[in-house]
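> Keeping their order, the protein sequence lines are chains A and B.
Residue numbering for the first sequence follows my numbering, beginning at 1063 and increasing consecutively.
Residue numbering for the second sequence follows my numbering, beginning at 22 and increasing consecutively.
Since the hints were derived computationally from the structure, they do not count as laboratory data.
Where a beta carbon is used, it is the ideal one built from N, C-alpha and C, also for glycine.
There may be inaccurate statements among the hints.
As the list claims (entries may be wrong) - Across the chosen pairs, the derived CB separations fall in these ranges:
1. 1241(A) x 36(B): 24 to 30 Å
2. 1251(A) x 34(B): 35 to 41 Å
3. 40(B) x 1080(A): 43 to 49 Å
4. 1131(A) x 135(B): 23 to 29 Å
5. 268(B) x 1225(A): 27 to 33 Å
6. 1320(A) x 122(B): 44 to 50 Å
7. 124(B) x 1325(A): 58 to 64 Å
Okay, here's what each chain looks like letter by letter:
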Amino acid sequence: MATTLQPVATASPRRFPPRAVAWVLGAAGGAVAIAAWTLLSHLLAHGGGVINRLPGPLSVVRELIRYAGTDLAKDLAFSLRVFAIGWLIGAAAAAVTGLLLGRSRWLGKVFLPVVEAIRPVSSIAWVPLSIVWFGFGLTSKVFLVGLAVFLVVIVYAVDGSRRVPADLERTATMLGMNGWQRFRSLVLPGTLAEVLIGSRVALMAGWGTVIVAELVAADSGLGAHLISVEQSYDVPAVIATMLCFGVTGWLMNGAFSFAERRLMPWRHDGETHDR
Amino acid sequence: MKRSVHLVAKRVLLPLVAHRVLLPLVGVACVLAAWEATLIVYRLPAIVLPSPWSVAATLAELAGTAAFWRDVGVSLYEFIAGYTLGVVLGVAIGMLIGESRHFRMAATPVVELLRFIVPFAWIPLTILWFGTSYTGKILLVAYAVFFVMVVSTARAVIHVEPTLSRVGTMLGMGPWRLAWQVHLRAAAPMLASAARAAAAIGWIAVVAAEYIGASAGLGLMITNAATSLATPVVIAGMIAIGIVGAGVSACIGLLSRAWLDYR
């Protein structure tokens, strides 16, 4: 019976393309999570111990739509402005400081330990002092975000300024480049590439700092809205605002990862932690 | 012989001391001098910027009071309870995500959405739900730590050398034993560094939560000091937060190194 030796046409394990499987399973996971949430909100509706109220997903969505129609754009714009200014200042300051400390042996030896000593004091711990110094306005928040970004990016900047391959440097000298030319075409691009990566890693640290700063020194922005709905015990609005924070962070991270892949295809850093 | 000892001292020890101790001290001295100079030049009152000496004196004074140690104890308790919970759950779920492709596909959208709601955004909700009790802060720290551990554990398990898994299968290991005895151990070094990063994030989450709603703790101490414009106490508190955070991170580094060596 020669036919039995033929490979049997079994159902291929890859009948669905994996992409489709991922979408279906992902949607199922999301559906399970939403179902669990709905169930929990029904169970807790009549006094559920410590968690005194958990709104269902529907009321959160309703609140989200209501908020999107009123103040969301204004609050989001304010928070993003704080974030962008602080982030740019922090990254620029870190690039300059990192170049100085990384390229000059003596400055590095003298001041890097000081930077290392300040780094464990997270920018969040500076919130009360920043309020004492700069009050509740834009300045204090920009200062905090700048500090948060600076403390992350400085490590990348120092590292980048030192990691110019020795071969390249020797080749450049051999080709007759002077110190300034070597700096401009070797050290500076290398450092800036690392600074860019550091800035992406610092995104979440900076965004988290915006949230804390706005929660504590609440005058405007998403964080201030979050505190004001919290103080009026409006749980659906609290959750809706949290979702806004999450989606914004996700979009920023996505945009930056995309830009990084486009600008620096040779660097596959993966995602790193906030610190 | 004596000559060579002398030479070692001169060539190795002296530069080492000079570079590792003296130069950083010069840096610290420069910063302190700049701080003092700012005070003198701009005639700043102590409310805005106290002198470094008064901050040091305040820190010493605080360290002598029982209330300060109670605040440290409360913050540390919240941190340790939440951290343990978060690491255990995070590694468990991370292992599941790393081991099972289907579970990974199902869990990814939910994990990704929640991961980007940074822990700080949960603070108002935890206050609404749990008041100023410890429970809210413990859960907040656990949340912060959980997502760091889930993401790193899953990535570490996925990237375990495939040869190891094949050897394990060949030796007749089932999927559970393979996960527990091969993948977890191979992932251990990455887990250890993730655990340190998670500790830093968890410690900040405690402090931030205490700013907004707490009955005790270091975060409450410095916000209270800030509202009564006791700036020396604020800065001393910040230093204390930094020292405790660095200490916690060092402890976790030691623990994980001991654990890795044991393996």
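> Report the numbers of all earlier hints that the structure fails to satisfy, in ascending order.
Numbers 3, 6, 7, in rising order.
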